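Engineer: The lines below spell out each chain.
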Amino acid sequence: MREYESHLSKAFIIVFSLVCVAFFSVPLLWLLTAPFTPKTTLAVEIPANPTLENFRRVFDNSFAIRALFRNNLIIAGGAMLMVSTVATLASYGLSRTRLPGKNTLVYVLMLFSSVVGGTAAMVPLFLLAHNLHLIDTHLGVILVLTGGLLPAAIFMMRDFVESIPRSYEEAAIVYGASPLRIFCDIAFPLIRPGVAVVAIWTFVNAWGAFLIPVVMLRNPKNMPASVALYSFYSEAGTPIHTLVAAYAFLYGIPVLVLYLLVNWRFGFRFFGGIKS
Amino acid sequence: MQFGPLYVSDTEGYDVEKRPGIFSGKIGVAFLAPALVFVAIFLILPFFWIFYLSFTNRTLTGITAAHPEFVGLANYERLFDTDRWMRLGEFGNALWITARFVLGSAILGQAVVGLTIAWFFYRRKGFLRELVFTTAVLAWIIPEVVVAFAWSAFLDVDRGTLNTILAALGLGKPDWLFDHPLLSIIIFNTWRGSAFSILLFSSALETIPPSYVETADVVGASGWRKFRDIFFPLMRGHILTDLILITLWTFNVFTPFLLTGGGPRFKTELVSIYTYRTAFKFFEFGKGSAIAVVMMLINLTLAMGYLIMLRRQKVAS
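Protein sequences, first through last, are from chains A and B.
One point on numbering: in this note's numbering, the residue at position 227 of the first sequence is 1085, and numbering is uninterrupted.
One point on numbering: in this note's numbering, the residue at position 223 of the second sequence is 206, and numbering is uninterrupted.
Don't take every hint at face value.
Stated by the list, open to error - Where chain B lies over chain A, by a calculated footprint (3+ residues, C-beta under 8 Å): (1) 866 to 875; (2) 920 to 931; (3) 1002 to 1009; (4) 1023 to 1034.
Since the hints were derived computationally from the structure, they do not count as laboratory data.
Since the model is a prediction, treat every value here as computed from it, not as a measurement.
We put the CB at the ideal spot given by N, CA and C, even for glycine.
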């Protein structure tokens, strides 16, 4: 009887897991088959004669390729450098200084950035960029993205910084090392995993950004891939499914690779421990 | 923001604040300075600027672009014009759609799915758990235009995967985006964002001392009793933190626009989409800012409400 029950519960675990996997993966299956299908179809079917022709045609669209391999790299790379540098410095400063109310400050700042950094602030951010002559520049997009992502990045970064021991730094102070030197030579090497996680998190966020580039950029030459995807729509506004799928496939791959990287190096979960 | 931090800790009651610093306050501020500049320019300044703009008739081009006039509450009066504000494509309609969208996809959707999956895989390791978590995370982090495009194929009436499955089960072929647009974006957003809640709740469950559960096992408590009497009380803080964040994110999310464009006939026009349309299709920056002000005030009220509950819960425990 017990054995029967354990079989039953094992079957239940498998069924439940498969339902979850299906829920999360089935909507994306079409993206795996359509790019290799010669003719347009919305059905998920393994193509009888898989082809790379769609990718060849995608590469003929120099506007879209420039968007993906140049503009997107500039925007996501730039935001990654900015956010990880500024967030690391800030969380280190917060951690090593006695500042009453700093936990609440960071928490409130993150909530605040969720409220202001979303769609609500589109107009002032646009005007701000306009006044600073940053409209239609990648720098403008990078700065605005950085401002929005920074509070959450500091929030994540802090626990990495709190978890490293201070004794080396204290010893260095005794020997008269400057704070910047202590940060660069002692603290930074220890918090590198945290920096890597925050950097990749920022990269992936900026890589997928749509609304901010749309609002901030004018010249098609500067647009990132999220906008360039729509260059595979016909003039009537209907997508050429095979090409959009092929381009979306190329656009999604880096995210998948970075996810696998983080998962392999650090294990993708909530980093550090949750304190209750 | 497309997706939130991978890591949320319950920072209050955390004794790092009481540790002595190794640097003086001045040096600490120097490390913080770049972040403070960013926050001041890109968060605090826009916040006050929105209030100011909402009292003007600022537009993108024309005379009112260079010399906007102060119009008092005119923008707000237009938003809350009671004769028409509940009509399709108006502000009240957008607010009502957003309220149902947040309730459906953040609270009933993501939080419940997240808690169920995290609870189910509690103390279970292995391939199936990895597979579920991986697929959920991918749904969360793939660029939004890509998932929106995949979903428009997925929901296609005739050949879409969903209707192919439903038809095979004899359940018919509903036209999702046309006949059930709000339900479609609720399911879509639940699918998109559940990973955050799954990860948060899984980490929260791991902090619960195994001895509590073992004791409950010894006395033969049922799964539901264990959840109600052990896990739920210990996780209440995490549940509130999760609800705060996903409510704010869902309230501000723009991704459904990429799936439905706000249609058909404004039936999925969330407040974020309404703001975008007003400000960047009609270039009425003054009115767009008035919408943003109302939106931010609602968000701040919600956040305050959750924070008060969080505090009360802390005091109680």
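Engineer: Does each hint fit the structure? Answer for all of them.
Structural biologist: Hints, one by one, checked against the model:
Closer than 8 Å: that is the beta-carbon criterion, and the segment 866 to 875 of chain A has 4 residues meeting it against chain B, so the requirement of 3 holds. Restraint check on the segment 920 to 931 of chain A versus chain B: 0 residues with Cβ-Cβ distances below 8 Å, three needed, restraint violated. Counting residues of the segment 1002 to 1009 of chain A whose C-beta lies closer than 8 Å to any C-beta of chain B gives 7; at least three are required, and the coverage claim holds. Interface restraint, the segment 1023 to 1034 of chain A with chain B: holds (4 residues with C-beta to C-beta distance below 8 Å; minimum three).
When each numbered hint is compared with the structure, a violation occurs for hint 2 only.
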